[in-house]
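Participant: One letter stands for each residue in the lines below.
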Amino acid sequence: MKKKVNEDSFFEELSIPELKTKDLLLFDQTDKPFLILYLFIFILGIILTVLSI
Amino acid sequence: MVISTQLIILIVYFVFIMFLGILAMKKVKGSEDLLVAGRNLGMMYVSVSIAAEYMGGLGTIGTAEVAFNQGMGVIWYHIASACGLMLFGFGFAHYYRKYNVITVPEYLYYLYDIKTWKAASVLNVVGYWMFTIIQMTAMGSLVASVTGFDLRWSALICGIAMTIYLLAAGMWSVAFTSVAFMITIGTGIPLAFWWVMVREVPLVVNSGGVAGFAGLANALSAAGLNAEHMLSPFSLGFMVILGYFLGGVLGIPAAQATINFSFGARNWKVARLAPVLAAILILPLSIWTGSMGLFARAADLTTNPKLALGATLMNINPIIGGIGIAGIFAALVSTVAGILFGCASIMAKDVWQRWLHPGTDDKYLAKWTRLWILIIGVSSAFGAMTLPKILHQAYFVYSIRSALMICVAFGLWWKAAHPNAAFWSMVVALIGGTMYQFNIPIDFQAFFHLHIAVWCGLLSFITFIVISLFSKWTSQTSSELPPVVRN
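So the protein sequences, as listed, match chains A and B.
Position 20 of the first sequence, counted from 1, bears residue number 20 in this note's numbering, the numbering being contiguous throughout.
Position 143 of the second sequence, counted from 1, bears residue number 1143 in this note's numbering, the numbering being contiguous throughout.
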């Protein structure tokens, strides 16, 4: 990431960082247990709602 | 105080959450770890944290309160919120993440100028400070239902406990505990809803022994209410539903507390998809909480609408009720944590470090972030003792956020968006919202028949367009702009 000081303010000016392949991954190995949890919660919610109506 | 099964489950859960939050402390080495979890959060951490943050006091106790009073039209609350999250994910998240911002006002600086950034910082701090008070009130009302403690003291104790939890590790505390929150919310609340509808509704006098919404309709009719109206998804009327949509859709894309988890995402693709996954999780919540609020009315469990959800969960099977209460409590803790943290982040990063003490280092920022968590947390805990009416006050806050979203959207997609327009649209929304809230000089709702979110959204939208069209771009204006965005 390139940085240079904007003289008119006390902010640092930011530019968009260069992208690498690993920066574009949506899911990695650490997401798998959470993905299972997500699907479990989602399906349980649907089943219990349908059963209750 | 009555030591019930529900209370024991709640205490065990609370201690567990505090332990997890404090355990995250070892991950914090500098201000970036504290503020954006080192920008290293994966897809599921971000989506679950956003969903847990959004399922707060408004989404649980607040929706049950509305259903208790006005019926199942409240289901639109989470449908509108899910639309807002999807809009944020598809339309905004990658812009924020690509610029590596920490706060929404900081992004407004890159889009506009310094005065817009300052106005947005003040507006955000005021809005979130109020919102923290509201959410702490909601926590207090749940704990009061379970323990029998005074509502005011319950709010104070919960607020101070939350402050301690957040002081440990900032965003890491929230991210670390969000998985536990989501398991508890995602299983506890639907399980309690299912139990109420299948097992408890048939036991209500005059339900005719029928389960589900049919039995609920019988019991409501016997209680002298218009069951058809109360169970209708349109029971709140068009303007209130429109207010939910404008509040959700306009509020979320610039809502620091909800979206700051996307700022901590490990890349912009994760930042973009995670809110969409979160939207799917929150979609059915008000069906579950609204039904339980309506059950409290039909079964005559309480006369206080704020206690509707707590009263329902305390009057069903103690294990199921305890798990449900833990779920509601998890929703409240995650939201209070997110909002308090969002407010403290803006106060420390934008107002304190950049505005008042520019040029200070990372160690200073980390110290002052913690100090502002303490100041805002403790003062909000005392503020919560005044017991603001939950959902009504919150929409005033949403209205302020809608002005911020209008500024971000115009700044991104309209070339003629002028810095003066951004500044004045925020000021006008704040003044207009305050006048509406306190009926100065007239009762705006009675006169215009507009919800506060609609009113403030319209004011800032019109102000922005008019001022942009009539403001001239001078050489001085250009010199005030950040050159990386417009040069």
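You may find that some hints are simply not true.
Claimed, not checked - Subject to a maximum C-alpha distance of 20 Å in a straight line, what follows is the list of computed DMTMM-like cross-link-like pairs (lysine to aspartate or glutamate):
| no. | chain 1 | residue 1 | chain 2 | residue 2 |
| --- | --- | --- | --- | --- |
| 1 | B | K1367 | B | D1150 |
| 2 | B | K1115 | A | D31 |
| 3 | B | K1363 | A | D31 |
| 4 | B | K1029 | B | D1300 |
| 5 | B | K1098 | B | D1033 |
| 6 | B | K1026 | B | D1443 |
| 7 | B | K1029 | B | D1362 |
| 8 | B | K1027 | A | D31 |
| 9 | B | K1027 | B | D1362 |
Read the hints as simulated data drawn from the structure, not as lab findings.
Participant: None of the hints should be skipped; say for each whether it holds.
Facilitator: Results for each hint:
| no. | hint | in the structure |
| --- | --- | --- |
| 1 | B:K1367 x B:D1150 | violated (35 Å) |
| 2 | B:K1115 x A:D31 | violated (41 Å) |
| 3 | B:K1363 x A:D31 | violated (32 Å) |
| 4 | B:K1029 x B:D1300 | violated (53 Å) |
| 5 | B:K1098 x B:D1033 | holds (18 Å) |
| 6 | B:K1026 x B:D1443 | violated (53 Å) |
| 7 | B:K1029 x B:D1362 | holds (10 Å) |
| 8 | B:K1027 x A:D31 | holds (19 Å) |
| 9 | B:K1027 x B:D1362 | holds (16 Å) |
Hints 1, 2, 3, 4 and 6 from the earlier list are contradicted by this structure; the remaining hints agree with it.
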